[in-house]
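Engineer: Using the sequences and the hints, build the whole thing.
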Amino acid sequence: MDTDSGKIQVQKIWTVVDTGLRPADENIALDQAILSAVEEGLSGPVFRFLHFEECALLGYHQSAAQELDLDYCREHGIEVQRRLTGGGAIIFDPSHLGWEIVCPRDVLPAGDMALLSKEICEAAARGLSVLGIRAEFRPRNDIEVDGRKLSGTGGILDGKTLLFQGTVLVDLDIPRMLRVLRVPAEKLDAHAVASVAERVTSLRRLVGEPPARQEIQGALLQGFREHFGWRMEWSSTLPDAAWNYFGQSLETVRSAEWLAVQDRPREELPYRQAALRAPGGTLRAEVLWDTFGKRVKQVHFSGDCFIQPRRAVADLEAALRNAHIQEVDGLVQAWFERGKIDAFGLEPGHFVQVLQQAVA
Amino acid sequence: MECNGCEFRAELYYDRECQIWVRREEDATLTVGMTDISQSIAGKILHVRVRRPGTRRPVGKPVATIESGKWAGPVPNVFDCIIEMANEDVLEDPNLLNIEPYEAWIARVRPADGVDVALQDLVTGDEAFELYRTRCIRDDIHCERGVR
Chain A
1 MDTDSGKIQV QKIWTVVDTG LRPADENIAL DQAILSAVEE GLSGPVFRFL HFEECALLGY
61 HQSAAQELDL DYCREHGIEV QRRLTGGGAI IFDPSHLGWE IVCPRDVLPA GDMALLSKEI
121 CEAAARGLSV LGIRAEFRPR NDIEVDGRKL SGTGGILDGK TLLFQGTVLV DLDIPRMLRV
181 LRVPAEKLDA HAVASVAERV TSLRRLVGEP PARQEIQGAL LQGFREHFGW RMEWSSTLPD
241 AAWNYFGQSL ETVRSAEWLA VQDRPREELP YRQAALRAPG GTLRAEVLWD TFGKRVKQVH
301 FSGDCFIQPR RAVADLEAAL RNAHIQEVDG LVQAWFERGK IDAFGLEPGH FVQVLQQAVA
Chain B
361 MECNGCEFRA ELYYDRECQI WVRREEDATL TVGMTDISQS IAGKILHVRV RRPGTRRPVG
421 KPVATIESGK WAGPVPNVFD CIIEMANEDV LEDPNLLNIE PYEAWIARVR PADGVDVALQ
481 DLVTGDEAFE LYRTRCIRDD IHCERGVR
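So the sequences go chain by chain: A and B. In terms of my numbering, the first sequence opens at residue 1 and continues consecutively. In terms of my numbering, the second sequence opens at residue 361 and continues consecutively.
Calculated directly from the structure, the hints in this document are not laboratory data. Model, not experiment: these values are computed from the prediction. Hints are all accurate, no fakes.
Calculated pairs, DSSO-like style, for lysine-lysine (alpha carbon to alpha carbon, straight line, at most 27 Å):
1. B:Lys-404 with A:Lys-294
2. A:Lys-118 with B:Lys-404
3. A:Lys-160 with B:Lys-404
4. A:Lys-149 with A:Lys-187
5. A:Lys-294 with A:Lys-187
Structural biologist: Written as structure tokens, this is what we have:
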């Protein structure tokens, strides 16, 4: 180690650390603290495992009023926090495992942000596959097994330093998730639970009794080692430099200003739905519609129609996430052509039409 | 002027990494936007947040943040300034930054120490193009514009 000028010479060895079960504000403050330490050259790259007390985490640019049932969170003691990273709102409970990397940008392959996401997610998917499942990267930032999401991810690139993090759904309480997060469903009934279960999975669902925490962590590390060739060593604690930033970061994320970074009203993100009778059956679209940006925030398609391959609908929904209404036609066409879809009478135009009816 | 399909406008000012462009306005303010290089690296931009008008942003504290493909990140700030206004069109439709990066400005700011001091650390004209070209080649950046 070279401490010339008080800075550590860029280390090639990653510090791997598990910071234990913590409330959301401490975990988010640690994200900021590690990012600052790495950015200032005071710490080498860090791979951290995270565990949260039950909480709801917003993406950096999201509005709590739009994305969460805040009354329910209050009544049930579910902490609400804002991540540094982009992406959508998630719930976290002690059964879930979080992982993250914090490093200089140039530690990873050159390329744009999409390539960066792909590289990191492929490393994580490779690791999760060690557990005997077929985990794969699904653009733009998910890791899935047979078309169902097992891990969501998001990142922040702050100058020349990045933090990229993901979840592993070891177990998942879907009814609880539906009470906390807004999803495109009219009622939180068995149909809504089944609808989410078609799109999301967990290690418990995939392999029965989930592997021990250490086994999952070991598998993830193996994936990153093999994919990037990194040298990684466990440490019992974070680098001192990160702890030095922790107090100040905690103060920031505990302030009311932090949660109000984005505070658009719920009325600007209404639930909309429509149904269309088409040759292949009835097609229904349920949408969370961003009236401010004219975007499809989330859409679920359902109905008595039959579409092959089975994962095709989930792929279309992922492609349409955050799409501007003017882009919908092109995205649906591209999905049909790329995925070799057999929709038994349903044409791309039917999907576009039902979605446009819903948001009209 | 261009390099690897990345448009460059010689009349604007740039930071030395060519991440942002800056335009001098007649009322002693500066307009800030993202370069073609930055929008191409970011990919499709879904969110833009600009600090409230009247907020002071010292060097290193971003004027705005953006999000693309679940990546959040600051729009770098290289001079001490006060936010005057955000471009409402871009707030409503952030994808404009991908479609027309030099028309779709992000924020108008008032430099705390005056325009001339703020522009001292920026580059323009041939000197800027040389840095722009070097960055495109060094990082193998090829620009693509967003379409709708």
